[in-house]
Amino acid sequence: MTFLLTCKDFLHELNDYLDGACDPELRGKLEKHINECPNCWVICDTSNKTIQVYRGMDPQPIPQEIHDRLMSAIQKKMAHKCGGQAT
Amino acid sequence: MEAAERSIPNDDVALVALARQGDSPAFSQLVTRYDRKIYRLARHITNSDEDAEDVLQETFLKAFEHLDGFQGNSKFYTWLVRIAVNESLMKLRKRKSGRTVSLDEPAENGDEPIVREIAVWDGSPEQQYSSEELRSILDKAIANLKPAFRTVFLLRDVEELSTEETAAALEISVPAVKSRLLRARLELRERLTRIFKKKGDDVFAYL
Ligand SMILES: [Zn+2]
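Chains as they are written, first to last, in my numbering: chain A, 1 to 87; chain B, 1 to 207.
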């Protein structure tokens, strides 16, 4: 008894499929669907690329003055905590 | 990456232990390690440089203050992310005073995800665009998502937290994380495809 996946079924499983989180049986069915359905293949491929392109972005260094202000706020707090009740 | 000072250990667990004993270089090391990631996250959630800087400061100040309360059972970074997300959401709520911006009310209007653009991409965006152009395209696409969706996407796909960690950080259920992630991914895919698709190759596209 093989039931056929519809495109709608496929979309609902897309996340787990992309994350490699579905069991082998379901995975097999999804792969079969992709091979036979060009639309779902494209959706899957471009979704995957979307995730990859975001993952590939390194965080930019933060502007020096923002880093400096952060560090000085922290230093102040540290001095306060370690130096007891400074006013 | 950075020239590590001699006596300062490299892993978070050891650094946190030192920082707890009042070792300020150890805490500074943790700050330097994560400040840009926290800043990026805050900028993406709040869509504001100014708010992002406030969030950045608040996050590390709170972390320092509550270091004793940090349970070693989650990763230090995950803990930081959780603080940063809370601070960012507070900013959003404050800004839209009156209108509640809640992560619990994401008009999950019909759970049918949207798919309109079905077209392959023209090569790889990394090769077609300069990194500045690409960054601005990606930032703009994220900024257009609703906060409830973009926050889930950022935690899962950019910060690479697990589904469970994301659910815990946002105080929402695992199924909610999953359905919002699907929406977010598909909406971003939609927007990016409009930009990255092969021109004149709309054979599959339909309205
Ligand atoms: Zn299909």
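Hints were generated in silico from the structure; no laboratory data involved. Since the model is a prediction, treat every value here as computed from it, not as a measurement. Here a beta-carbon is modelled for each residue, glycine too, at the ideal position from N, C-alpha and C. Take the hints with a grain of salt, since some may be wrong.
Restraint ranges, calculated between C-beta atoms of paired labels, are given here [stated by the list, open to error]:
| id | chain 1 | residue 1 | chain 2 | residue 2 | range |
| --- | --- | --- | --- | --- | --- |
| 1 | B | Ser124 | A | Glu31 | 22 to 30 Å |
| 2 | A | Ala79 | B | Val13 | 41 to 49 Å |
| 3 | A | Arg69 | B | Ile114 | 27 to 35 Å |
According to the in silico footprint, chain B covers these stretches of chain A (three or more CB under 8 Å from chain B) [claimed, not checked]:
| id | segment |
| --- | --- |
| 4 | 51 to 57 |
| 5 | 64 to 71 |
Sample of chain B residues with no beta-carbon within 12 Å of chain A, all distances over it, derived [stated by the list, open to error]:
| id | residue |
| --- | --- |
| 6 | Ser24 |
| 7 | Phe64 |
| 8 | Thr78 |
| 9 | Arg82 |
| 10 | Met90 |
| 11 | Lys146 |
| 12 | Ser173 |
Is Ser24/B truly not at the interface, in the sense that its beta carbon sits beyond 12 Å from all beta carbons of chain A? The assertion about Ser24/B is violated, with a minimum of 5 Å to chain A.
12 Å Cβ clearance of Arg82/B from chain A: holds (18 Å)
Pairwise beta carbon distance, Arg69/A to Ile114/B, judged against the given window 27 to 35 Å: Cβ of Arg69/A to Cβ of Ile114/B: about 41 Å, so the range 27 to 35 Å is violated.
Say whether it holds or is violated: Lys146/B keeps its Cβ farther than 12 Å from all Cβ of chain A. Label holds. Min Cβ-Cβ 17 Å, cutoff 12 Å.
Minimum Cβ separation between Met90/B and chain A greater than 12 Å? holds (18 Å)
Count the residues of the segment 51 to 57 of chain A with a beta-carbon closer than 8 Å to any beta-carbon of chain B: does the count reach three? holds (count 6)
Are all C-beta atoms of chain A more than 12 Å from that of Thr78/B? Given that every Cβ of chain A is farther than 12 Å from that of Thr78/B, nearest at about 16 Å, it holds.
Exclusion check [Ser173/B not at the chain A interface, CB over 12 Å]: For Ser173/B, whose nearest Cβ neighbour in chain A is about 15 Å away, the distance exceeds 12 Å, so it holds.
Least C-beta distance between Phe64/B and chain A, which was stated to exceed 12 Å: violated (6 Å)
Given the hint of 22 to 30 Å, check if Ser124/B and Glu31/A actually sit that far apart at their C-beta atoms. holds (23 Å)
Chain B covers the segment 64 to 71 of chain A, three or more CB atoms within 8 Å, holds or violated: holds (count 5)
Can you let me know if the beta-carbon spacing of Ala79/A and Val13/B is within 41 to 49 Å? violated (26 Å)
The structure is inconsistent with the numbered hints 2, 3, 6, 7, although it conforms to all the rest.
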